[in-house]
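Protein chains: 4
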Amino acid sequence: MNQQMKQLVESLTPEWTAWRRDFHKYAESGWVEFRTASKVAAKLKEWGYEVRAGKEVVRDEARMGVPSAAFLAQQEKRAVEQGAEQEWLPYFSGGFTGVVGILDTGRPGPTVGFRVDMDALDIQESEEADHLPAANGYVSVNPGMMHACGHDAHTTIGLGLAQVLMAMKEELNGRIKIVFQPAEEGVRGAKAMVEAGVLDDVDFFFSGHIGSGVPLGEIVCGARGYLATTKLDVTYKGYSSHAGGHPEDGKNALLAAASAALNMHSISRHSQGSSRINVGVLQAGSGRNVVPGSAFLKVETRGATSEINEYMLERAVQIIRGAAAMHDVQESIEVVGMANSCDSSSELIPFIRSQAEKLAEVHTVHDFVVAGGSEDATYMLQRVQDNGGLASYLVIGTTLAAGHHNEKFDIDERVMAIAIQTYALCALHAGELEALGRGKSGSQGQDGKITE
Amino acid sequence: MNQQMKQLVESLTPEWTAWRRDFHKYAESGWVEFRTASKVAAKLKEWGYEVRAGKEVVRDEARMGVPSAAFLAQQEKRAVEQGAEQEWLPYFSGGFTGVVGILDTGRPGPTVGFRVDMDALDIQESEEADHLPAANGYVSVNPGMMHACGHDAHTTIGLGLAQVLMAMKEELNGRIKIVFQPAEEGVRGAKAMVEAGVLDDVDFFFSGHIGSGVPLGEIVCGARGYLATTKLDVTYKGYSSHAGGHPEDGKNALLAAASAALNMHSISRHSQGSSRINVGVLQAGSGRNVVPGSAFLKVETRGATSEINEYMLERAVQIIRGAAAMHDVQESIEVVGMANSCDSSSELIPFIRSQAEKLAEVHTVHDFVVAGGSEDATYMLQRVQDNGGLASYLVIGTTLAAGHHNEKFDIDERVMAIAIQTYALCALHAGELEALGRGKSGSQGQDGKITE
Amino acid sequence: MNQQMKQLVESLTPEWTAWRRDFHKYAESGWVEFRTASKVAAKLKEWGYEVRAGKEVVRDEARMGVPSAAFLAQQEKRAVEQGAEQEWLPYFSGGFTGVVGILDTGRPGPTVGFRVDMDALDIQESEEADHLPAANGYVSVNPGMMHACGHDAHTTIGLGLAQVLMAMKEELNGRIKIVFQPAEEGVRGAKAMVEAGVLDDVDFFFSGHIGSGVPLGEIVCGARGYLATTKLDVTYKGYSSHAGGHPEDGKNALLAAASAALNMHSISRHSQGSSRINVGVLQAGSGRNVVPGSAFLKVETRGATSEINEYMLERAVQIIRGAAAMHDVQESIEVVGMANSCDSSSELIPFIRSQAEKLAEVHTVHDFVVAGGSEDATYMLQRVQDNGGLASYLVIGTTLAAGHHNEKFDIDERVMAIAIQTYALCALHAGELEALGRGKSGSQGQDGKITE
Amino acid sequence: MNQQMKQLVESLTPEWTAWRRDFHKYAESGWVEFRTASKVAAKLKEWGYEVRAGKEVVRDEARMGVPSAAFLAQQEKRAVEQGAEQEWLPYFSGGFTGVVGILDTGRPGPTVGFRVDMDALDIQESEEADHLPAANGYVSVNPGMMHACGHDAHTTIGLGLAQVLMAMKEELNGRIKIVFQPAEEGVRGAKAMVEAGVLDDVDFFFSGHIGSGVPLGEIVCGARGYLATTKLDVTYKGYSSHAGGHPEDGKNALLAAASAALNMHSISRHSQGSSRINVGVLQAGSGRNVVPGSAFLKVETRGATSEINEYMLERAVQIIRGAAAMHDVQESIEVVGMANSCDSSSELIPFIRSQAEKLAEVHTVHDFVVAGGSEDATYMLQRVQDNGGLASYLVIGTTLAAGHHNEKFDIDERVMAIAIQTYALCALHAGELEALGRGKSGSQGQDGKITE
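Chains as they are written, first to last, in the UniProt record's numbering: chain A, 1 to 452; chain B, 1 to 452; chain C, 1 to 452; chain D, 1 to 452.
So that you can see chain A by itself, here it is in the shape it has in the complex (with noise of 0.2 Å):
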């Protein structure tokens, strides 16, 4: 094990911890995250770092479930008064909070790319005694806002990652990039960081998540089985009549909207592999005496292949509309969040579990998990092994207080710091990859050029 880097890390930790409860208790949610991101841009300038920061980095037309102009005016002016970076802020308004930190060497080597993400959850926090974020005063002072699902700590790793890099900067080669996604929760982010490029010119690709069932001191290398995934929110506009008086004048929005829940329900499995499909939510209607005039949906449709998801997506939006017809209703569907199925690439997997193994924190790596759910991330991936790159999705074990997306949701932080070690190894070693045969653009040289 290197032993600068376990110096620096045992000098960061308390820093480290410092900047996690600070983001914990200024969650931001996802698109809104003004204060998270200029926090990130101002310190990896300070340190050294190119920073490339909104619209550069997210491309607009790809951007998935922004909030209202309103909402999102109202927040900046939240985190200004929160104590946001103001240089930066011009970068972020209007929900472009994304921020890429790039370290070139100047050296021949490949481009080894970092992703974290940095939004919270519309989830309040407990401030229950026994919750800690409660009793030590990080508790969000956010409303409605919650890191529930880790990603405050992932800003931090990425953070610390540029530290430490940046400090042994001469033991790298090629370039680094660390990417610093918003808007995770939904798979609303990655796409807009994908389209604008940001992905293209990067040979190796490393992202993960803590937790997830894994406790601390375990690491798995990579995730596959992520499922492809859409997300629509769903509106049905009718008309409303009293109910008694004059019920044939109304246009039942809720009747629209429970058939369609019930249709879409029932398309058919494919016999190629597992879809899903789900109404998580219906509301509809205003009063007991009043044929609803409207009613709201929020659907995600999944499968095994880009393909599965793609047909039930085709069958649910043919089932939203025809329910609309059936009911004379006017509907509208919004594309909110989607993410692809990936794999992560098993040529990296015994290279990711050699670092793994050189961390005294670690006990157990395994190679591999099957993911249940979607993550936006796959997007990066795709991109990276679509251009002959590799890429992996790490679970990096961490023990909970209560699960993911709960309202006592808490970590054990010391999994920052093995995070830290295992992706910063993962950049001292990438020469290594390159026997593999890929991560072509890197070994062009080093002018650094992207792809695209």
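Since the hints were made in silico from the structure, they are not lab data. The C-beta atom is built at its ideal place from N, Cα and C for all residues, glycine as well. Hints may be right or wrong, so weigh each one.
Subject to a maximum C-alpha distance of 20 Å in a straight line, what follows is the list of computed SDA-like cross-link-like pairs (lysine to any residue) [unchecked claim]:
no. : chain 1 : residue 1 : chain 2 : residue 2
1   : C       : 408       : A       : 241
2   : B       : 237       : D       : 281
3   : D       : 6         : D       : 17
4   : A       : 408       : C       : 240
5   : A       : 237       : C       : 281
6   : C       : 237       : D       : 318
7   : A       : 408       : C       : 287
8   : A       : 6         : A       : 361
9   : D       : 237       : B       : 283
Covered stretches of chain A, going by a simulated chain C footprint (3 or more residues, C-beta under 8 Å) [said to hold, decoys possible]:
no. : stretch
10  : 239-251
11  : 259-268
12  : 279-286
13  : 299-308
Position chains B, C and D relative to chain A; hints supplied.
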């Protein structure tokens, strides 16, 4: 009571009984009354009536629920074999099985119209010994066709009326029109005769039904409250696939039909009056392990007014189409029947009562009954009333062996003489009605011109 | 027209206006009319009425749609802060907010009853300048509660009537009962007062509503055609699971609710009269990627008769339970409101007309109006009629700024004086009604004994 | 290749062809294979087999989808008329149409089992000239029954195998059991033979299907991935009423069926493997204007494992019952078929391959195929494997004139000799399998004791 009529009726009754039993034995369903209509036309001609038949009195485009050409041809052949009057068949070929008999006295006076219907039902008649037609050898010889509603008697009543009126021609004024309608079951035939202009010159119009819950010896002068109705046949064509092997290839017509049925029944009530919807039949799919590729529904809507029926129909069609769109199947909708809402003219009631009370066989006369269902004579009533005429739909009581549409339905045949005499008296005394200031077209003289 | 009354009304009108605006400002929704009811009780007591309040006039088990204990307690505290008459609060504590004022003349004569209602709606009142209550400083200070149906005026009319009758006590005979009912909205309160026996000794009964589409200066003597109705809150409890990872573990409450909604709307029409069903609100699920573990529906049934409503209700309950069984979820059904179908007594109409025509402010008097919806005063009319008494529900016209239940609803306050005088005249002349041979209990003398 | 066998096959082939065409002509559907089974039993007896037949090998209570007693009796009569072996009919009477032939060599060695099925499908065979059986005079004479899946050849293969093995008896050791199963279509018959203990002493078991997409000259040694399945017939009994006159009196079985169908298809996917649901047939209602009083559904569930099928089945039954409760109709559910999920034993594959490769007529041998559907031989494979034996389900290729279950289905009859030889070689070389340490019961010697 008219003595001449009494003697006539007495002498003709055995013949009427024989005719009714003959029609009963050779029961013919809607639009294939080839044998029945040919017998009617031949007799009317023989007795001196001006006879109009076929397309002249049945407008092609207004016919509904006409069977396939193959079935029509096969049935025409069957009629020949069963002794149809062959010189009349060319008129009826292709399903134009309507007949009108006209008696013009040459004297000034109103045009008085009567209508009877001739079709049987798609029911297999009972052959059990306790069923009189079976015991006495006039059970239907046509499989799946049975006079289970009494139209065999109606046809006979029309013929008997024609005989009596011709015999008493010198006591009549104006003109007499006796309309023999096909395809009343499923309310398919009346509209085509109305659209052919058959009712356009009628000043006073009488139609009616025997039985209907009224016992022998009682007469109801006028029915009201018939619901407007539309009958639809709906077919969904999807795509079959193996339910185990490739369910995703299927386009599920059964689920489209199920959704349509549920949602049609959920069409909102109408605040302005009664409405009805019924999916009476749903047949879908071919095998247990096959995604159903086809479905068929028999649907009807009703309304207290034509507007309400229109509202129900429009909503039903939206739902049928929306359900098809939902499940990506093709729908086809055929209107196979229609009837108006319509009330008997109240001005006619005292007149009819006074005629009916002349009969010794009638001990009770009711003014009105509220109809539960639908009947397409309403199109004829409506047309007469729209032209300033008066019209009524009577019920002539007869005690039944079993309910209408039952496989053991049977009547007390004495009802025929009662009906014939009631109608004949209405014709003989129609002059009294002119005092009501109605029936203007008739008063235009003996030219008998058709107003359309 | 009575001169004394005219002067009284003139002098009292400013006070009435002030009261109405005070009630408007401190709008209180159903079962939490703590402040309003305490003001009413205190004034009646002050004026010499025998006052009955709380559980004595509101039967606990017959109350419907009562809020949670916590909400009741919080609202009682709120009422104290807003100046409720504290000596009366113990009567109302826990939501027994009914009051009855009795004036016994000691002279023989009928018992004449009046009923007004006191509750506000769950609506946020408009604060825009063109809304008079906002402009003039008596907009509701209670968030989400607003007198948008005119019950503030109804309460004031009850009080004004009490003042006038007490002042003219010497011209009265028999007994006067003025009933101040809570929770009319959602038809929740009348039944509890009827079941407490409040109406059992009333011979002639008058209630009514201001506005309802009738302009100022017009009066309708009797409403009929109120639909019987039942209001249900339905909750489904299923089991949530991750829609991607373990969908089969879920018990889907949303699909149960959707099936229930669709199938309830498909309950068959009734041939004996109007029926209605409405699922006005459906709320289900918590997150897009979670199998929905809970759902909530607001349902109402209606019928032209109580039998038809009963039929609708029974079918709705079967469907609610069957849908729960289908999806293996637990249902709970709460009846939160009920009203009878009931007609005003036609014998009362000429009497009311003759009183109303005495008022100079009234230029038009209608006999009847057909009600579109439901109203729980029908329980009271029914009880009085069942006991051999006569009862009517009037409409006292007033020109509205916006429709009932709208956030800018406002009345022409002059209606209050018109209503008070109409009611007072009915009380003063009730003796004339005894000629109708009704109101027997009242004629039994001054003991005021309750007949039940 | 065994010379004796080759000559045997050559000489017997014309006989086999004749038998297959005879079975084809007298096609008999499931549980009424009276003629076929009697021919099989008579021949086996004649050749010296120990024959077990009827209830001894078909357990009554485990039979599924048995036709009505009337139909069974009528078909038995039909079989007599078509030349059934009358001495065997008493065994089969009532639908116990299974036969087992046993050949005990008296020498130590394993018990080797084979299974063929005998039933035809409910399909009307094509009589067109391009359909060989029609052209050559052996088209099915039984209306609506046709060997459209090749079980006529299967039966012949079982008989041919019996002939060959008896002829080569001296080269065999241990025991041979040839099972002739009724009612495979609809997966109704295997369970009853397994429950009768027929498979309990079998060490090595072979069954298979001809065709299935594999052309003549190819053999697949083992099929896997059969889905467990359950077949349900569902009947709803409601109450019919006139849809215009008294709709409220009806209990709508069609709406119950429609709700059940929609909701069954909406049963959640299972995360542990494939699942299927199909409502293949829905028939409801009698007439357009009648509230439908009855409905019938053919349903099937499937699962990659028996647990998943169980989950699907349990949910389906809940929904069927809940839908009945919703619409106040009576449901009845009959299980009319069942099959396991089951894989062929991989240890058998190289053995089968080595036998198949001996045949000159076979040019290609595949190890495995993944089955799309379901097959009830899986019950037999399972029972053998549970007892420590080995079992495989083969596919013996034959080129088809039209797909399975098509009215023009026809085979290349040369497949029969290939199948017979493959099976015979498996029997002759079964001793080699004992090296696998399986088939212990067989090694216990010549007592042929049943191990269970």
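Structure-based check of each hint:
With a C-alpha separation of about 18 Å, the suggested pairing of residue 408 (chain C) with residue 241 (chain A) holds against the 20 Å cut-off. Distance check on the hinted pair: residue 237 (chain B) and residue 281 (chain D) sit about 15 Å apart at the alpha-carbon level, within 20 Å; holds. For the hint pairing residue 6 (chain D) with residue 17 (chain D), the CA-to-CA distance comes to about 17 Å; that is within 20 Å, so the pair holds. For a cut-off of 20 Å, the pair hint linking residue 408 (chain A) to residue 240 (chain C) stands: about 18 Å separates their Cα positions.
A hinted pair counts as satisfied when its Cα atoms are at most 20 Å apart, and residue 237 (chain A) with residue 281 (chain C) qualifies at roughly 15 Å. This hinted pair checks out: residue 237 (chain C) and residue 318 (chain D) have alpha carbons roughly 16 Å apart, not beyond 20 Å. Only pairs whose Cα atoms come within 20 Å are accepted, and residue 408 (chain A) paired with residue 287 (chain C) is accepted, the gap being roughly 17 Å. Distance restraint check for residue 6 (chain A) and residue 361 (chain A): the Cα-Cα separation of roughly 11 Å lies within the 20 Å cut-off, and the hinted pair is therefore satisfied.
Pair hint residue 237 (chain D) plus residue 283 (chain B) holds up; C-alpha atoms about 16 Å apart against a cutoff of 20 Å. For the stretch 239-251 of chain A, the stated coverage by chain C is satisfied: 6 residues place a CB nearer than 8 Å to a CB of that chain, which reaches the threshold of 3. By the rule of at least three residues with a Cβ nearer than 8 Å to a Cβ of chain C, the coverage given for the stretch 259-268 of chain A holds, with 4 such residues. Figure legend: the stretch 279-286 of chain A, annotated as covered by chain C; annotation consistent (8 residues with Cβ-Cβ distances under 8 Å, at least 3 required).
Figure legend: the stretch 299-308 of chain A, annotated as covered by chain C; annotation consistent (3 residues with Cβ-Cβ distances under 8 Å, at least 3 required).
Going down the numbered hints, you'll see the structure goes against none, and every one checks out.
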